[in-house]
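Once you have looked at the hints, place chain B on chain A.
Line by line, the protein sequences give chains A and B.
Counting from 154, one number per residue, gives the positions in the first sequence under the working numbering.
Counting from 154, one number per residue, gives the positions in the second sequence under the working numbering.
To be clear, the hints were calculated from the coordinates, so they are not data collected in a lab.
One or more of the hints may lead you astray.
Pairs count within a copy or across copies, as identical chains cannot be separated in the list.
Derived lysine-lysine pairs resembling BS3-like cross-links, with alpha carbons at most 27 Å apart [what the hints assert, rightly or not]: (1) 169 to 297; (2) 321 to 211; (3) 297 to 193; (4) 193 to 165; (5) 169 to 184; (6) 184 to 297; (7) 344 to 184; (8) 297 to 344; (9) 169 to 211; (10) 157 to 344.
Number of protein chains: 2
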Amino acid sequence: MISKNRISDIRKLHQKKFRDQERLFLVEGRKSVEMLLQSKFEVVEIFATENVFRENQKLLQYSAVTMVSSADMERISTLNTAPELLAIVRQPVALLPITDDEPILVLDRIADPGNLGTMIRTADWFGIRQIVCSPDCVELFNPKTIQSTMGSFCHVQVRYEDLPAFLKRQSHRRILGTFLGGESISTFAFKTNDIVVIGSESNGISSSVAQCITNRITIPRGQTTAPSAESLNAAIAAAIVMERWSDR
Amino acid sequence: MISKNRISDIRKLHQKKFRDQERLFLVEGRKSVEMLLQSKFEVVEIFATENVFRENQKLLQYSAVTMVSSADMERISTLNTAPELLAIVRQPVALLPITDDEPILVLDRIADPGNLGTMIRTADWFGIRQIVCSPDCVELFNPKTIQSTMGSFCHVQVRYEDLPAFLKRQSHRRILGTFLGGESISTFAFKTNDIVVIGSESNGISSSVAQCITNRITIPRGQTTAPSAESLNAAIAAAIVMERWSDR
Numbered sequence: 154m155i156s157k158n159r160i161s162d163i164r165k166l167h168q169k170k171f172r173d174q175e176r177l178f179l180v181e182g183r184k185s186v187e188m189l190l191q192s193k194f195e196v197v198e199i200f201a202t203e204n205v206f207r208e209n210q211k212l213l214q215y216s217a218v219t220m221v222s223s224a225d226m227e228r229i230s231t232l233n234t235a236p237e238l239l240a241i242v243r244q245p246v247a248l249l250p251i252t253d254d255e256p257i258l259v260l261d262r263i264a265d266p267g268n269l270g271t272m273i274r275t276a277d278w279f280g281i282r283q284i285v286c287s288p289d290c291v292e293l294f295n296p297k298t299i300q301s302t303m304g305s306f307c308h309v310q311v312r313y314e315d316l317p318a319f320l321k322r323q324s325h326r327r328i329l330g331t332f333l334g335g336e337s338i339s340t341f342a343f344k345t346n347d348i349v350v351i352g353s354e355s356n357g358i359s360s361s362v363a364q365c366i367t368n369r370i371t372i373p374r375g376q377t378t379a380p381s382a383e384s385l386n387a388a389i390a391a392a393i394v395m396e397r398w399s400d401r
Numbered sequence: 154m155i156s157k158n159r160i161s162d163i164r165k166l167h168q169k170k171f172r173d174q175e176r177l178f179l180v181e182g183r184k185s186v187e188m189l190l191q192s193k194f195e196v197v198e199i200f201a202t203e204n205v206f207r208e209n210q211k212l213l214q215y216s217a218v219t220m221v222s223s224a225d226m227e228r229i230s231t232l233n234t235a236p237e238l239l240a241i242v243r244q245p246v247a248l249l250p251i252t253d254d255e256p257i258l259v260l261d262r263i264a265d266p267g268n269l270g271t272m273i274r275t276a277d278w279f280g281i282r283q284i285v286c287s288p289d290c291v292e293l294f295n296p297k298t299i300q301s302t303m304g305s306f307c308h309v310q311v312r313y314e315d316l317p318a319f320l321k322r323q324s325h326r327r328i329l330g331t332f333l334g335g336e337s338i339s340t341f342a343f344k345t346n347d348i349v350v351i352g353s354e355s356n357g358i359s360s361s362v363a364q365c366i367t368n369r370i371t372i373p374r375g376q377t378t379a380p381s382a383e384s385l386n387a388a389i390a391a392a393i394v395m396e397r398w399s400d401r
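Okay, chain A solo, but in the shape it has when bound (with noise of 0.2 Å):
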């Protein structure tokens, strides 16, 4: 059971003011909170409907997990469908440093949350597990993000950061960003520790961070004297890189 007080505080962190102010966020779905819950994060609190809370055993561990009706949990998700499994998780203060040999993806200014959970869940699948993102890109903890990442926000770093100061100090590395014109990525020579730079979804890579690209690269089009589609989906076009990058 779940007073209708709780329910109200659960939902204030559908909110990104409140998420930011209490230093949580929420998962949502049996499968990202499984994932959850083989990580380091720190749950706060599981909340599961009832066929879950007493088939799961593995849940029992876990001290704070309280069984919701699917009426309350349907109140206190976001999603149209309600989750069998809900939790709220402390946001981390500290992440992994990022060591020189590491590959790192660069996001800058994207604002779809779908976007950058699905450009989280491709990195993972690529092994790429640092990203950095400009300080105007979406919310990692939007609830839209971390459902995207299909649980990959366990396993990849994700910080906000000054693009060009942090690009300054990566003088070491070559910085790959995708224009028209520039190498295409079928013959170019990735190297693991390349940073590859993806822009935002409407106006590509802005131009301070344009400046600090030392390799200019190119997704090629199909052969066609057709018109056709004017650009790729941001998320289309990282993850067309990544396969690339990956395959070294």
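Leaving out everything else, chain B in the frame of chain A:
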């Protein structure tokens, strides 16, 4: 100006039932409508907010253009932010036939309209102009699908077919599907007239379709000993395969 009844009629097209019944669909947003006007789709009516109505002389070539207030545009649109242009468009009755030498992307039970739209946009970028969906894929004319194509629905033919029957008629082609343990896409020799099958977000390729697959291909994970993502998003997997397929 636009009457309450008219608003209510247009809002009916937010629902699949009425889109099916009227054989109409909505195209929303300036860029999408501008691409639409360069296509062969039959535009039934266009609604424009005042600023676009006054500045875009091209629009006046169309007989049925109505100026609406931002408030009314918000009412007739499915988007959270009212677009500047919205068009009511006739669903095409016939599609261009598939020629023997052109690539085909086959989608099996794709449920998310954003994923379908993104796959259409990506296919368009890579010059793949024929998509065949299983009957239980999400609807092309869902406003979220159309929105995510960013106008590429104008360039790509999307049809719905019983997939095992369709694939059996394509016996002169190879039919590729993504599976764990298949041949790596980085070494696989793609051909222009291959068919690539992408399975659903949650369940992959269904068994009746899997029986038609002639070549199993795989997107390899990055080299890592740490736990990583369990899978890729369907639109991401499709994009990565299309990029390799395009680079033949």
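Checked hints:
no., hint, result
1, 169 to 297, "both (12 Å within a copy, 25 Å between copies)"
2, 321 to 211, "neither (46 Å within a copy, 47 Å between copies)"
3, 297 to 193, "within (21 Å within a copy, 37 Å between copies)"
4, 193 to 165, "within (24 Å within a copy, 48 Å between copies)"
5, 169 to 184, "within (23 Å within a copy, 31 Å between copies)"
6, 184 to 297, "both (15 Å within a copy, 26 Å between copies)"
7, 344 to 184, "neither (33 Å within a copy, 37 Å between copies)"
8, 297 to 344, "neither (32 Å within a copy, 38 Å between copies)"
9, 169 to 211, "neither (31 Å within a copy, 42 Å between copies)"
10, 157 to 344, "neither (54 Å within a copy, 60 Å between copies)"
Of the numbered hints given earlier, the model fails hints 2, 7, 8, 9 and 10; all others are met.
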